[in-house]
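Q: So the sequence lines, in the order shown, correspond to chains W and A.
FYI, in the working numbering the residues of the first sequence are 1 to 488.
FYI, in the working numbering the residues of the second sequence are 1 to 488.
Bear in mind the hints are in silico, worked out from the structure with no lab data behind them.
Careful: at least some of the hints might be erroneous.
Identical copies carry no separate label here, and so any pair may be met within one copy or between two of them.
Straight-line Cα separation of at most 20 Å, EDC-like style, residue types lysine to aspartate or glutamate; simulated pairs [as the list claims (entries may be wrong)]:
#, residue 1, residue 2
1, 35, 432
2, 292, 240
3, 24, 275
4, 376, 319
5, 276, 287
Number of protein chains: 2
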Amino acid sequence: MLNDWIKPEKPEAEELEQRLEEAKSKLERLQTRIKENKLPILVLLEGWGAAGKGSVLGRVIKNIDPRFFDVATMEKATEDEQRRPFLYRYFAKIPEAGKFMFLDGGWMTDVTNGLLHKELSRKEYEKRLASIKCFERQLADNGYLVLKFFFQIGEKEQRRRMDELLEDKNTEWRVNDDDLWQNKHYEKCKELYDEYMEETNRSRTPWHIIDAKNQKWAQVQLLTVMIDAIEARLSAGMPEVMIPKNKFALQTMPKLKDIPLDKEMSEQEYRIELEKCQNRLRELHNELYRKKVPVIIAYEGWDAAGKGGNIKRIAGALDPRGYQVHPIASPEPHEKARHYLWRFWTRLPKTGHIAIFDRTWYGRVMVERLEGFCSKNDWQRAYNEINEFEKELHDWGAVIIKFWVQIDKDTQLVRFNERQNTPEKQWKITDEDWRNREKWEQYEDAVDEMIEKTSTDFAPWYVLESNNKYYARIKALRIVIKKIEEAL
Amino acid sequence: MLNDWIKPEKPEAEELEQRLEEAKSKLERLQTRIKENKLPILVLLEGWGAAGKGSVLGRVIKNIDPRFFDVATMEKATEDEQRRPFLYRYFAKIPEAGKFMFLDGGWMTDVTNGLLHKELSRKEYEKRLASIKCFERQLADNGYLVLKFFFQIGEKEQRRRMDELLEDKNTEWRVNDDDLWQNKHYEKCKELYDEYMEETNRSRTPWHIIDAKNQKWAQVQLLTVMIDAIEARLSAGMPEVMIPKNKFALQTMPKLKDIPLDKEMSEQEYRIELEKCQNRLRELHNELYRKKVPVIIAYEGWDAAGKGGNIKRIAGALDPRGYQVHPIASPEPHEKARHYLWRFWTRLPKTGHIAIFDRTWYGRVMVERLEGFCSKNDWQRAYNEINEFEKELHDWGAVIIKFWVQIDKDTQLVRFNERQNTPEKQWKITDEDWRNREKWEQYEDAVDEMIEKTSTDFAPWYVLESNNKYYARIKALRIVIKKIEEAL
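Assemble the whole structure, with the sequences as input and the hints as a guide.
A: This is the structure we're talking about:
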């Protein structure tokens, strides 16, 4: 892309001025419509050091009400960020519906620098490239307008600008060692950038190269692309998104109704096994911590199936400093305004830690599907998006364990009634539980489809037969132990 | 406290077991009431290294539903945390209403270690101690149950335990250099801990020393204190909180109605001044960044007074990588469930950065007061709490600039009508704006009281006469420039 880029012709001073003014006021007028249409816009600014991304950005945002945008400068990942999947800090930054997020530097800088400075092997680089493609596609599929710009300047121009910045003690901090290295290895860098951009240049998330020699002209180019893309989206609406074919190997799973629920365990056996399993898990937790392996345990299941009690027995074996339970309720406004995986990405554990999710991202293909909180296309696409998400976590090194806690409809009724009649347990039962119960058959279909489509090799579902809670708890503990042992 | 502590008598094995079981089930039964009464509980565990805080904590939380508590281990402050006020990371961790937060180590460890390892001077230590007292009192005043425990073991016992942990490669990471140093300087540490605890032992946030020699006994002691405190609060309710006398020097400020609003500025003069001021502010922003001075600009004012346009002119001069505008709307559920300053603490800038708040923490004494979203005691107490908050920021080194954007009632009407009649501006005007306008006089009284009680020397209010927006914008820019110049 960079190699065969044809520099656009810069207009004369007067025309430039006029076009700039027009573009500015156009963007200003578009704001209301962006807000009304709840369009989230992610603007990624990449390019050469000293190409003037910051100062162009500073001017562009002057035309936007500060309530409608945010700017983030992506510096080197902090120690905490380094202990998460590499896309974590970018996913955390995606804008809310109706707002802009401008990223000054991003995942392109990250991975190309990683390869150039030999912090990433070619293989790791390729893997990250694949992750990036998924990430960008997922954003586009979920309604995000993703605008990617590369600020282009020549080798000599870059050198000249850096020298200028370095002369003044108020601006010298803007030039870092990477920038200097980049200029010294300009051609090598250019080759890689070109390759990266070719690879990631997709029809819905294309690259836009900006001739950044002249600052006003750069502004005009950037604004024009932004305005055209926003107007096109606002007038044509969100294009129909294809439901991708499944590309992951799936395990064959039984239907819920075919799973025998007669598994029993006596209290006596349970007590003995519980102690044994918890002791073993306790040891493993120490080892996990030391070897910095992250673990993600996901719980889904019928209301009153015994998720809470099951989680308690896992958590009971863990050092409280090394795990966290995330109860997932309906999303709050700032969560609902973003990609549905956002609130899970931002809750991922650090390496060496365990995150237990009490209800999960699978809400998308259960409650959100059945209650109509998302479109049909949305939840049908979600199976693949979720598989990709879990693949990402798996590749990062996480142990992923997914439990479906299964009971039959009669057992649920018994437990609902018990909760209703026990004062300390009444908070556990709500009208919504009763309403969900009426939709048992619809839920059963949705769960069967979910288990069928998301039991991948790297993150299979485990069904916990929980008519007998003792049995289910010990089964869960044994699976957790086995999966962790395999990983260590 | 530690020096004159009398070790409680440990019961015999059988009684111990019985009391432990009783305490556990009591805590379990209390959960529902804690949730119903929306009681937030902060449990701080401090004490000697290897005193067993972690393992006691691990056992105590087994009796609580994982949905109702969180645990945080406070390790060394990260680089990012070090660029915020020192209480930032603790304030960020306070629990939601109806939940527990257990902190394994906290601000006591921070400041005592700081002094012991000579990272803090005696004077800095004293200052932090004062901040801590404010912090704990504010939490208690705002309904938090703050339970502070110190786990006590003797010098030899500590040595023995550390040796044991160090022998096993799975546990050796639990002993860090600070722990070893502590054991070597046991007496010196004990002196300081005693002094710290004396200083911070207040009737509503008292210290509880736990004899930690025996783990089960430690559990019983901890659970007993917790249960007693929770039961007392649940049965007696929140005690009446005193409105503290003002202890800050206040500036004499005019009433809003006495402020002449006839200030004018021509567009021509405005254009010239704007460029001059923005250029100067741009230079200063670089210098701020380099010298790592944080700046907080707070905007309050009548609807349609011109806050947005004013902020745009400040922001327009700034490097987008070094500032953030925080539009403040009504709190989301997770924000409403915490201390009202929580959402501002968590939005504080890093050193060297600028945070601009479009509406602020003063909502407490304006909209929350007038709409009855908090009690009379709450908003009356808030003047002092806010002054303390701003003092904390000032002591941290922040430049604090507070603007009240003032217009008269007729001007507001003209602007409301203009907004109503201009399609691109309609989003700016809502029914709520019209309702607020009907309460103009009540708001005026509240604002007068607010300005009177919170114009401290370190964070005075500046009124921007904004019937003429040009005048108001230039005045704001000049004040910002002056305040930053003074600080640099």
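Q: Confirm or reject each hint.
A: Hint by hint, here is what the structure shows:
When the C-alpha separation of residue 35 and residue 432 is checked against a cutoff of 20 Å, the pair qualifies only between copies, where the shortest distance is 19 Å, while the shortest distance within a copy is 32 Å. Within a single copy, residue 292 and residue 240 get their C-alpha atoms no closer than 42 Å, and across copies no closer than 49 Å, so neither meets the 20 Å cut-off. Taking CA atoms no more than 20 Å apart as the test, residue 24 paired with residue 275 passes between copies only; the shortest distance there is 18 Å, against 68 Å inside one copy. Taking the shortest alpha-carbon separations for residue 376 and residue 319, neither the intra-copy value of 42 Å nor the inter-copy value of 43 Å comes in at or below 20 Å.
In this homomeric assembly, residue 276 and residue 287 come within 20 Å of each other (Cα to Cα) only inside a single copy, at 17 Å, whereas the closest approach across copies is 62 Å.
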